[in-house]
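J.: Can you build the whole structure from these sequences, using the hints too?
Protein chains: 2
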Amino acid sequence: MEDIAITNARVYAPHLPQGFYENGFITISAGRIRSVGLMPEFDAPDEAWIIDAEGGLVMPGLVNCHNHAGMTLFRGLADDLPLMTWLEKHIFPAEARFVNPEMVYWATKLAAAEMILSGTTTVADAYFFEDESARAFTEAGMRAVAAQGVIDFPAPGVPDPKENVAVAERYLERWQENERVRPAVFAHSPYTCSSKTLVAAKEAARRHNALFFIHLSETAGERDLLGEKWSGSPASYLHSLNILDEQTVCVHSVWLDEKDIDLVAESGAQVVSCPESNMKLASGIAPLAELRLAGVNVGLGTDGCASNNDLDLFGEMDACAKLHKVHRLDPTIMKARDVLRMATEDGARLLGMKDVGLIAPDMRADLIILDLNKPHLTPFYSIDNLVYAACSADVVTSIIDGKIVMDDREILTFDVAETMDRVAEMACSVMKE
Amino acid sequence: MEDIAITNARVYAPHLPQGFYENGFITISAGRIRSVGLMPEFDAPDEAWIIDAEGGLVMPGLVNCHNHAGMTLFRGLADDLPLMTWLEKHIFPAEARFVNPEMVYWATKLAAAEMILSGTTTVADAYFFEDESARAFTEAGMRAVAAQGVIDFPAPGVPDPKENVAVAERYLERWQENERVRPAVFAHSPYTCSSKTLVAAKEAARRHNALFFIHLSETAGERDLLGEKWSGSPASYLHSLNILDEQTVCVHSVWLDEKDIDLVAESGAQVVSCPESNMKLASGIAPLAELRLAGVNVGLGTDGCASNNDLDLFGEMDACAKLHKVHRLDPTIMKARDVLRMATEDGARLLGMKDVGLIAPDMRADLIILDLNKPHLTPFYSIDNLVYAACSADVVTSIIDGKIVMDDREILTFDVAETMDRVAEMACSVMKE
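Protein sequence lines, in the order shown, are assigned to chains X and W. Note that the working numbering has the first sequence beginning at 1, numbered continuously upward. Note that the working numbering has the second sequence beginning at 1, numbered continuously upward.
It is worth saying that the hints were derived from the structure and are not from the lab. Note that this is a predicted model, so its numbers are computed, not measured. Treat the hints with care, as some may be off.
Repeated chains share a single entry, so a pair holds when one copy, or any two copies, can fit it.
As the list claims (entries may be wrong) - Straight line, CA to CA, 20 Å or less: simulated SDA-like cross-link-like pairs of lysine to any residue:
(1) K89 / D330
(2) K335 / P82
(3) K335 / H90
T.: As structure tokens, this is what we get:
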């Protein structure tokens, strides 16, 4: 692994009024940031690969805290439909017919290409055949938490639901030693897993010191579905099962009431919000301001691109900042600066990565460079414009774990054209159904 | 002007289930589409310039129905602030200090660059020193309706508000003969113009058969401000002044009640919605479903990029479709297909351009080509993905009035680097204040 120095950069610094400083440099060695400073002090390290940012902005790579990368094959397969029609008539049948290890591998690679090209360097994924996803992320050079799905129905790779937790636990064991791609468990939801399954899945995650993801209170309808098992809210149900703790990540968390927010906050559990998915599926608007005020750490996720339909965190940040303002009729909440933190340092912390998401010596070198020399980024008074005006295609370079994985919008770690071809072929079969 | 033929294209056809057909061609001559067909029938015209779309999608250029292009200098100058602080402490002082003809010219050129690069071929603009904007759009090769601002305060270029309508009328006269850039009047709002000014401005527009734009019911606070003049709603106030008619365009129209919607519908007036601006400034959510149901023609606008902060209609379409779904908790409203029509044919109709916004023989050749060969657009089951997954940078070619104004993301009509430099210089002065 080569040493790298990034020169002549605007450097992301969200604590400053403008949110960045001019004329900076960053040096990288052995996968970590070594020094950060101003160009007059720059002393080129011996044999370092120099990247002249030419006034571009260096910032921490974005952290996508929720995805179902395998579902990239189903991007936009069925839009603008009622949730249950979408799920039961389109998504579930397509999954039953087309999800296999090869499909998950290629669809995840396609997702990795899209994510890298849009500035994401770390992803938390959750799907079936997760060995294949973990393999794809490894080959793509991404940092990932890859969670094997657990559900009480026959699922891809798990025809007998009785085996779902055992399958997940064997998966955890296989990937235990991996550093950049870490295994985790994804229990689909309180209404698709029995209490026994939820408790067993959480215990398996605890035994392996792994994160436990669960869709929680995504829709108002969930409460009714859960009513047969439990008289309280989905959050209080998880609490009663002793499942909420620092290693539990509650995804969506749209329909949390005040008591739920307190429960989540007291337990130390964390929340991932996927505003664009919640908007498109008309699920609702999560109480993010209240959660953050209660001290809950909140990350951002795109969700799978069957329901978004992209994996672009720049779009997600924009939607998140704007949606909450108009929902509360208050332009001062969900500030651009807060949303940037959610998509970087807060997301990394959520995933247990204490040395990711910030630009400082000794942090992991997960960095992206944006070309600001574009009409839509002129003038550039503040980094708030990253939320309100930047787009995925402005990212020109991506470095993960000290390795250049994308340069000049060219992915260097795998063959993107082959990946698109393979998924396009599968899409032909999907369309013929 | 050269003849053009676009070959090997996917062709936008929103009435088809997928919304496009494969393997099409379009021929263009003397500024208009001449023929549309399938490649086997293609017979290359003599001496035509051939653009091989290589499977890219040809669609009508997008129509941005509301912008203040001169304000591009103030992009992101002050974010996440209360509306009145934003206006009174930042935007009004910056306008008083920095708006002059040269600034409007260059900022509008910068806006034109951003719009062309993000697929917009027609814009309705509204600002001061609108001669300069009209000149910039003319040089950029865009189709435009450029409206001179009228307000009852001292304004850029109109130090004496008593002259505001006369200034606008002389402007209408100067640009009367122009075909691609048409003049119009923009009365700022019912609360910043007296009834006398509103009536006089509308009369001037009528005398010149010009469109009359007005910000209407953007915020809940407007009603209170207007309370001193009129006991009813802003819409009923305009109706009482005989201002609502087919040539009146009500911008924003967020706080319309049922009666207002009926008034607007009966009058034949049209509405422009700017969802991203309304979200960011926390103004509210316009009743677009109701307006459309009542038969009101609705176009999409970005608003000026002091309050958005970009001029990207792909982002605007995405926000529009998703916002209304989550607001109503109904994923079937504001369908992608409807939003695409709002951003093309409906917008063109709103601006009185009956031969713009559709792909058909004899229509004006305002066309854009998108490169679909990208990870985030794979698979591409339907044109709905243009709303939910495409981004501005996917636009590779833009043709306006039969002339190629952008190819391979290079603008051919003016010097974009010079334009960015000029605006960046002005931005340095803005920052020093």
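J.: Now look at each hint and say whether the structure bears it out.
T.: Outcome of the hint check:
Taking the shortest alpha-carbon separations for K89 and D330, only the inter-copy value of 18 Å comes in at or below 20 Å, while the best intra-copy value is 39 Å. In this homomeric assembly, K335 and P82 come within 20 Å of each other (Cα to Cα) only across copies, at 12 Å, whereas the closest approach inside a single copy is 32 Å. Within a single copy, K335 and H90 get their C-alpha atoms only as close as 37 Å, which misses the 20 Å cut-off; across copies the closest is 17 Å, which meets it.
Of the numbered hints stated above, none is contradicted by the structure.
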